[in-house]
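Novice: Next come the chains, spelled out residue by residue.
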Amino acid sequence: MPREDVKKLLRTKFMPHIWCPGCGHGIIMHAILRALADLKIPQDQICISSGIGCSSRMPGYIDACTLHTAHGRSLAFATGVKMANPGLTIVNVMGDGDGTAIGGNHFIHACRRNIGITAVVMNNNIYGMTGGQASPTTPEGAFASTAPYGAVDPTFDICKLAEGAGATFVARATVAQPAMCEQILKKAILHQKKGFAVVEIVSFCHTQFGRKNKRSRPMDNFNFLKDNSVMKAKADTMTAEELKGKIIIGEFVNIEDAREYTERYDEVIARAQKA
Amino acid sequence: MAKKFDIDIFSKWCKGCGLCIAICPKKVLELSEQVKSVPVRPDDCIGCHQCDNVCPDMAITVKERD
Amino acid sequence: MAQVEFWQGNKAIAMGAVAAGCRFFGGYPITPSTEIMEVMSEELPRLGGKFVQMEDEIGGIAATIGASIAGLKSMTGSSGPGISLKQELLGYAYIAEIPIVVADVQRGGPSTGLPTKVSQADVMQAKWGTHGDHGTIAYAPSSIQECYEITVKAFNMAERFRQPVLVMADEIIGHMREKIVIPEPGTYEIVDRKKPTVCPEEFIPYKADDDDIPPMAAFGDGYRWHVTGLTSNDWGFPTNEADEIDKKANRIIRKVDRFRDDIVEFKEESMDDAEVVVVSYGSVSRSALRAIRELRLEGVKVGHFRPITLWPFPDKEIAELSKRVKHIIVPELNAGQMVNEVERAVAGRCEVHRKNLINGELYKPDHIMSFIKEVA
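Chains as they are written, first to last, in the working numbering: chain Z, 1 to 275; chain C, 1001 to 1066; chain D, 2001 to 2376.
You may find that some hints are simply not true.
Derived coverage of chain C by chain Z (criterion: at least 3 residues anywhere in the stretch with Cβ under 8 Å from a Cβ of chain Z; other residues may be distant) [claimed, not checked]:
| no. | stretch |
| --- | --- |
| 1 | 1006-1012 |
| 2 | 1015-1028 |
| 3 | 1056-1063 |
Below, a sample of chain Z positions facing chain D; criterion: calculated Cβ distance under 7 Å [stated by the list, open to error]:
| no. | residue |
| --- | --- |
| 4 | 64 |
| 5 | 268 |
| 6 | 272 |
| 7 | 273 |
These are calculated hints, taken from the structure and not from any lab test.
Keep in mind that this is a model prediction, so the values were computed, not measured.
No residue lacks a Cβ here, since even glycine has one placed at the ideal position from N, Cα and C.
Let's have the full structure, built from the sequences with the hints guiding it.
Specialist: Set out below in structure tokens:
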């Protein structure tokens, strides 16, 4: 059992959860709950939204206002929730396929609007729930059930995508740094007052991805992520060649004076009412 | 005297993935025959919480011993 | 003094929504319904409401559902292709029981089809467009006055039954301008969704009252609950238990079916001694009425039956009138959609004549007159 303030945020009757033994997604849920507990956000004012997939089963386990939407659409639902009730703290969790393939359009536009939502992309490089098909983050050459000869599609860099689309907080960690995940998530949740925060957490799926790519045990993946993570400050001193295959972790964007969408919409209301 | 810690593992939630065992810098934990993590050397625990934080199943609590 | 305006149908739909208490609109531009969102973008912020132009049609309905979950009366609007795109999330709103109103200003299809031309192409996609079964409530206004009043009613029904309700105008009705007398606030009914009467600890989010409709809490007002598109039990959590699935799957059909008589609306004209009846809706009914009135002057015993609710379809009423008349003519701006429901209701008791136009034009009164003369 986790510590009391974290346990309070769990619908314990549904535990143990659906995820495979050792699944990185559990590490992420744990970090999100520690962050929410530390920030002491009133439980009734927390909304956890998700799309469809392994990642998106998370809201069911969290005792808050939870919204399990349709595949790829979580951020669009969450946009409506936030506009209707800007006081809610929304943590929107999604997978790499969910968030950047079928939901890619909603993702970039939520970034552009800079709406006060914390989007956590749980990137395990695969469609896990449907049986291991290639996703937009499956590395080139890696094997998947729909890439039996190795993935041919180039991958998305989710953080660069978010930055380019206008997110005002962008950071990355891997599940091999659980404490760092928690710290980044806390900042990203607080950033909701300033706008859209994207946290990519590189997770793993040993069951569907690992099995086909010589990393079939949880620990193989955990060590892979640990060994290949490079802090941004160090990465800044490295060459592109040296960074090949590495995962750069840290904070990439943090615009302190960004203006959040629902706040800016309040100004629209003021203008309309004055007219 | 160095602080002592108690590691409580809720075996109903533990799926025996072994992440906590691998991450522990003091080798406090081992896998039981029932494929559950158990603290076998609790006195060696330094309270770093790495096992707790990494547990995907939220089965571990580390508390300072009274 | 009554406020009299000269409005476009799309504007009347938007203003009716606002009058019904709509405070959120999420949408995406599409001809011929775009004016609804343009008016909403102007009117909603004046009232402290919110408007968002989303990145696509799916985003439009998603944000609308989200805003409704957070407590606002919410609306989206579109036309054929956009409605096709929204179908998955229409299904979401049916299964998760989220009240929303969807305006569908119909145009020719399939696909991009005829963006600026009239059609009644969506009658069947309104009922069967999303996969799975559910009760359906869909209205077809035929005047600007009705655009306003029906949209108010659509919100009332959405809030009462906790599900999507469609306002199915067509390109002619959406873009036509005519006189409208704005009803005085207070002279018409406004329905708000049932709120839970129990404390959060005792709240079972999908436990229905005797009317098969569960009260609905809003995110943020103290009740913590789970919303999902998965088939769920009374607690709102996914289930694979046959008895729980059975209960939920049937309830979202039954809650509409059992109140069918409260919902079904239609309008008859010159039916007392009619031997020939034209059954038409939306813009076609305007031509039909003109044709019928002219032929009545010539002594032809012809009447008109206009379904105002396309769904639930007024099948009992059609069945009744089929016992009294010889011919039913069903002119539609599609290849024959509602006529299938008419034939089902008539069950061979009289002749049903299918008349269909899919060239983007409107049936003119002359056309309808000739159809009537063929059989009268």
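Novice: Flag every earlier hint the structure violates by its number, smallest first.
Specialist: Hint check: nothing fails, all pass.
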